[in-house]
Amino acid sequence: MGQQASVPRPGTDLQVIGAGLSRTGTASFTAALEILLDAPVYHGGTQTTMGPPIEIQSWNTILRTWLAGNKPQTLQLLRARTAGYGAITDAPASQFVPELLELYPNAKVIVTVRDRDSWVQSMQQISSLAKLWFLGAVLLPLPGMRHFVTYIDLLQRQWDRIYNNSRDNAWIYDRHLEWLKEVVPADQLVFFSVKDGWEPLCRALGKEVPKDIPFPRINDSKAIDRVAAYHIKRGLVRWAVVFAVMGLVGAWWVYGR
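In my numbering, the protein residues as written are 74 to 330.
There could be a bad hint or two in this list.
What the hints assert, rightly or not - Calculated lysine-lysine pairs in the DSBU-like style (CA-CA distance at most 30 Å, straight line):
#: 1; residue 1: Lys280; residue 2: Lys268
#: 2; residue 1: Lys254; residue 2: Lys280
#: 3; residue 1: Lys268; residue 2: Lys181
Honestly, the hints are just simulated from the structure, not real lab data.
Start from the sequences and build out the full structure, keeping to the hints where you can.
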C-alpha cells in the first residue's frame, strides 16, 4: 500500500490469490511476490488509490454486480480486471476468493496472517479514516477518489453478507480464516506471516530463496497515512483553485463590467 500502481503484462497467468485481509502485511507480501514471480502483482489498496480512475470505478461495478447476485457478469468483470497480473492481493480480492478460484483453478491461495488483537487495533485506523465526515466533499474534485466513499460503502455491504453483519473485528478475523478453509481446497491453501520471511513463502511456491535480497518490509499503517494525506491535500488544493477562480469571476462580474 502506498507504492506505485502496477501495470498489467499481457499474457501473464495469475498464479497466486492473496486471501489475507488488509493490514496483514499485504504490501510486503505483494513486493515479495513481484520478486518471486517476476510479474506485476495487483495490490487492491494501491491500485484503487494510486491507479487510474478506472480502477476504483471498475471495482464499484464489480461489487454492485456481486451484491446483485449476477455471478456470470461478476466473473467476466473479475477476469477483465485481473488479466495480465501474476497475483492479486489485499481487499477487495480477499473477499472474492471463490470467484477468483473459479477463474484460476490452479492458483495457490496464500493467506497473510498476523496477531488478531494487533490486527483489530490496526483496523481502527482505516475505520477512522473512512468515517471522516468531510471525506466525500474533500475528494469530490479528484476524478478517481471521488468514488472512494461509495467504494467503502459497497465493501461494507459485501462484508455484511460474508461475515453475517458483524461489526466485531475480532470475530470477523477468525471467521475469515474459517470461511477460507470452507471454500478453498486444503492442498491449495497456505497461511503465511510476513514475519517469517522468504523460506515458507518460497517453499509454498516451489521457488528458491532469492540470494542477497532481503524480504520486503513495508509498513502498511504508515503507507495508508501517506496515501490519505496525499489525497486529502490534493482535494484541498483543487478546492482552493475552484474557489480562487470563482472569486476572480465574481470580482470581474462586479467590478469589470
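Against the structure, the hints:
Restraint check for Lys280 and Lys268: satisfied, since their Cα atoms lie roughly 18 Å apart, inside the 30 Å limit. Among the hinted pairs, Lys254 with Lys280 is consistent with the structure: their alpha-carbon atoms are about 24 Å apart, no more than 30 Å. For a cut-off of 30 Å, the pair hint linking Lys268 to Lys181 stands: about 20 Å separates their Cα positions.
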